[in-house]
Amino acid sequence: MNRSGLSLVFAVLGGLVLLFIIAPLAGIFLKTTPVQFFETVRDKDVTASILLTLSISLFTTLFFAIGAIPLAYLLARKNFRGKNLVQSLIDLPIVIPHSAAGIAILGLVSRDSFLGKAASTVGIDFVGHPLGIGLAMAFVSVPFLIQSARTGFEQVPVRLEKAALTLGASTWGSFKSISMPLAKRSIISGMIMMFSRGLSEFGAVVIIAYYPMVTPVLIWDRFNSFGLKYARPVAAVFLLVCLLFFIVLRILANKTSHDQDRKHI
Amino acid sequence: MIRIENISKQFTSFNLSQVSFEISEGEYVVLLGDSGSGKSVLLEILSGLIKPDQGNIYLNDNDLANVPIRKRPFGIVFQDLALFPHLTVYDNLAFPLKNRDIPNADINLKIHEVAEKLEIIPILSRYTDGLSGGEKQRVALARTLATEPACLLLDEPLSALDARIRKEIKAVLRNLNRGGQTIIHVTHDYQEALSLATRIGIMEQGRLIRYGPALEVLMNPMSPFMASFTGIRNFIRVTLRKDLCDGRIKAWTEQNIPLIFQTDKIHGQGYLVVPEESVFLSLEPVETSAANQLHGIITDIIPAIHGFEVIIDVGFPLHSLLTADGIDRLSIKPGDPVYASFKASALRYINLQVK
Chain A
184 MNRSGLSLVF AVLGGLVLLF IIAPLAGIFL KTTPVQFFET VRDKDVTASI LLTLSISLFT
244 TLFFAIGAIP LAYLLARKNF RGKNLVQSLI DLPIVIPHSA AGIAILGLVS RDSFLGKAAS
304 TVGIDFVGHP LGIGLAMAFV SVPFLIQSAR TGFEQVPVRL EKAALTLGAS TWGSFKSISM
364 PLAKRSIISG MIMMFSRGLS EFGAVVIIAY YPMVTPVLIW DRFNSFGLKY ARPVAAVFLL
424 VCLLFFIVLR ILANKTSHDQ DRKHI
Chain B
2 MIRIENISKQ FTSFNLSQVS FEISEGEYVV LLGDSGSGKS VLLEILSGLI KPDQGNIYLN
62 DNDLANVPIR KRPFGIVFQD LALFPHLTVY DNLAFPLKNR DIPNADINLK IHEVAEKLEI
122 IPILSRYTDG LSGGEKQRVA LARTLATEPA CLLLDEPLSA LDARIRKEIK AVLRNLNRGG
182 QTIIHVTHDY QEALSLATRI GIMEQGRLIR YGPALEVLMN PMSPFMASFT GIRNFIRVTL
242 RKDLCDGRIK AWTEQNIPLI FQTDKIHGQG YLVVPEESVF LSLEPVETSA ANQLHGIITD
302 IIPAIHGFEV IIDVGFPLHS LLTADGIDRL SIKPGDPVYA SFKASALRYI NLQVK
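Top to bottom, those sequences are chains A and B. Each residue of the first sequence is one higher than the last, beginning at 184 in the numbering used here. Each residue of the second sequence is one higher than the last, beginning at 2 in the numbering used here.
Just so you know, the hints here were simulated from the structure itself, not pulled from any lab data. Since we're looking at a predicted model, the values are computed, not measured. There's no promise every hint is true.
To be verified - Calculated lysine-lysine pairs in the DSS-like style (CA-CA distance at most 25 angstroms, straight line):
| # | chain 1 | residue 1 | chain 2 | residue 2 |
| --- | --- | --- | --- | --- |
| 1 | B | Lys99 | A | Lys359 |
| 2 | B | Lys52 | A | Lys261 |
| 3 | B | Lys334 | A | Lys359 |
| 4 | B | Lys99 | A | Lys367 |
What the hints assert, rightly or not - A short, non-exhaustive set of chain A residues, derived as facing chain B with CB atoms under 7 angstroms:
| # | residue |
| --- | --- |
| 5 | Pro217 |
| 6 | Val339 |
| 7 | Lys345 |
| 8 | Ala346 |
| 9 | Leu348 |
| 10 | Thr349 |
| 11 | Leu350 |
| 12 | Ala352 |
| 13 | Met363 |
| 14 | Pro364 |
| 15 | Arg368 |
Stated by the list, open to error - Derived CB-CB ranges, DEER-like:
| # | chain 1 | residue 1 | chain 2 | residue 2 | range |
| --- | --- | --- | --- | --- | --- |
| 16 | A | Val192 | B | Asp35 | 20 to 30 angstroms |
| 17 | A | Arg342 | B | Lys52 | 12 to 22 angstroms |
| 18 | B | Lys52 | A | Ile205 | 53 to 63 angstroms |
| 19 | B | Val68 | A | Arg342 | 16 to 26 angstroms |
| 20 | A | Lys261 | B | Ala305 | 43 to 53 angstroms |
| 21 | A | Arg342 | B | Phe15 | 10 to 20 angstroms |
| 22 | B | Val68 | A | Lys261 | 20 to 30 angstroms |
All C-beta atoms in this analysis are idealised placements derived from N, C-alpha and C, irrespective of residue type, glycine included.
Chain A on its own, in the form it takes in the complex (with noise of 0.2 angstroms):
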């Protein structure tokens, strides 16, 4: 087969694959009347549901942030006994069923758990809290940020640090001034990713709470209540926040990095 039959091959096939993933997408779309579309994003369960699922996701990733990135700094420039491990054990929450990780944060944090009597003696129950329904989004998706910040620390030079070091600044200036804005791109790339993954994740969330309810979960509650007809309208509103949000995100990711190449210039 010469080489412009092998990519017509190839480009069917990846065609097919493409079709697979937009038709669904597309069919919620098109099954879905602008009337039904206005009248759900009229519908304030649902305008408050997606808020309240863009906001956690969003805190949940700015916490987690705090400690992710030093984690991925020190797995990408560390060496130390068990690093493979921590490797594996970090991306255990992707591999594993979503319901089993919700069993595993709800051990945690449930009433009966250290954690959980010691957050009840400030008045915190994290099952049906928010800051549970935070916890679940984190542990499915915190591995995005870090593999995607350990790549971009990777790709530092070591060289610039020790320069930085060599030139007066401390471990922690060369990290702020160096290593930091040098990875950027895959940082916020990686935010990026976790913020999506905390929106989309059903399967842990539903375990920690019901209620307050996630978009997710309004969808499935829905779906098992009411039916098809019901809960796709709302699968369409919130695909679309999420799409102009994941839109509007790469766009501001790509402009910074945008912004930093053209300086190379």
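Place chain B on chain A using the hints.
Then chain B, alone, in the frame of chain A:
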């Protein structure tokens, strides 16, 4: 005065062993060595990036052992320059000054002072990625000089530059040194060393095997390794002894080939330097004033800057430098037999100090 005493560092596949030398203020020291000889590691030890297993570094009798990297009075310019790509040239230069909590107005003054010295004022607002090799090198030097280091450490500063820019940066380095800047420069290029150094150190497998005034070190290589760094092609191990046939003291190679040279010594061991431009070739034995004439087979003919380098197997490899015209006239090619002649007065004997 910088004093380096018995610096040693052990790595899994390499050791730096007992390196000691002294540098007076304003000297230009070049450390010559192959890659892997330990010269770059030594610079990183001096800058504080690597902690030695043993040994001390003194600046004017002050031990620097416990001085942290950021407070070391030495400034290093890495081989790859390590310019910060996300900062402008101005901000690269400002980086070390901001780390020293210098007021902004003084930072601006200092940057313009070093930028003027290195002639980079027109590029201060540019980012480093788009700069030429020479401009980058100047920026890296300026950034380190902004810290006013007691000693400038340069790791192969000219190796990545083309010939024209190399000449330009050499002039910059010479000017800095003339201005009183003490410099330690590591390289594998002896011509670079010859054109810049006041003192030269030769490093081999983690050891400083020779250290002294530049010309003295380059003119008197004490081993084939050192000779290879000084551009000497014919560096022949010999033993001096009397030729029983004619009673003359001759230098006998390891292949027991006698070579005649001018000496007042009657015995000893050492090396004979035969300048390759002094070796001339002929197709037949010829009667000339040259005292040495050896028969051999040409093994290779390699183009060189000023003609061709011909390698002849006369029992040992002998190098001869010929012009293109000379090659044409003799019509020689690898495999041809030739006679190589050289005068006794052209040879230089280096006596080996036998301990």
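Here is what the structure says about each hint:
Of the pairs offered as hints, the one joining lysine 99 (chain B) and lysine 359 (chain A) holds, with about 14 angstroms between alpha carbons and a cut-off of 25 angstroms not exceeded. About 17 angstroms separates the Cα atoms of lysine 52 (chain B) and lysine 261 (chain A), which keeps this hinted pair within 25 angstroms; it holds. Under the criterion of a C-alpha separation no larger than 25 angstroms, the hint pairing lysine 334 (chain B) with lysine 359 (chain A) is inconsistent with the structure, at around 64 angstroms. For the suggested pair lysine 99 (chain B) and lysine 367 (chain A), the alpha carbons sit about 22 angstroms apart, so the restraint of at most 25 angstroms is met.
With a least beta-carbon distance of about 47 angstroms to chain B, the hint placing proline 217 (chain A) at the interface is violated under the 7 angstroms criterion. The interface hint given for valine 339 (chain A) is broken, as the beta carbon of that residue sits about 10 angstroms from the closest beta carbon of chain B, more than 7 angstroms. Hint status for lysine 345 (chain A): holds, given a least beta-carbon distance of 5 angstroms to chain B, under 7 angstroms. Interface restraint check: alanine 346 (chain A) against chain B, minimum CB-CB distance 4 angstroms, threshold 7 angstroms, status holds.
Taken as an interface hint, leucine 348 (chain A) checks out: its beta carbon lies about 5 angstroms from the nearest beta carbon of chain B, inside 7 angstroms. For the restraint placing threonine 349 (chain A) at the interface with chain B, the shortest Cβ-Cβ distance is roughly 5 angstroms, inside the 7 angstroms limit, so the hint holds. Contact between leucine 350 (chain A) and chain B, as hinted, is supported at the beta carbon level, the nearest pair being about 4 angstroms apart and thus within 7 angstroms. With a cut of 7 angstroms, the hint placing alanine 352 (chain A) at the interface with chain B holds, because the nearest CB-to-CB distance is about 5 angstroms.
Given the 7 angstroms rule on beta carbons, the hint for methionine 363 (chain A) is violated: about 10 angstroms separates it from the nearest Cβ of chain B. Because the closest C-beta pair between proline 364 (chain A) and chain B is about 5 angstroms apart, less than 7 angstroms, the hint holds. A cut of 7 angstroms between beta carbons decides the hint on arginine 368 (chain A): the least distance to chain B is about 11 angstroms, and the hint is violated. Distance hint check for valine 192 (chain A) and aspartate 35 (chain B): the Cβ-Cβ separation is about 53 angstroms, which falls outside the suggested range of 20 to 30 angstroms.
For the pair arginine 342 (chain A) and lysine 52 (chain B), the beta carbons lie near 18 angstroms from each other, so the given range of 12 to 22 angstroms is met. One distance hint, 53 to 63 angstroms for the beta-carbon pair lysine 52 (chain B) and isoleucine 205 (chain A), holds here, with the actual separation near 58 angstroms. At about 22 angstroms, the CB distance of valine 68 (chain B) to arginine 342 (chain A) agrees with the hint of 16 to 26 angstroms. The hinted window of 43 to 53 angstroms between lysine 261 (chain A) and alanine 305 (chain B) holds, with their beta carbons roughly 50 angstroms apart.
Between arginine 342 (chain A) and phenylalanine 15 (chain B) the CB atoms are about 19 angstroms apart, so this pair conforms to the stated range of 10 to 20 angstroms. The beta-carbon spacing between valine 68 (chain B) and lysine 261 (chain A), approximately 25 angstroms, falls within the hinted interval of 20 to 30 angstroms.
Violated hints, listed in ascending order, are 3, 5, 6, 13, 15 and 16; each of the other numbered hints is respected by the structure.
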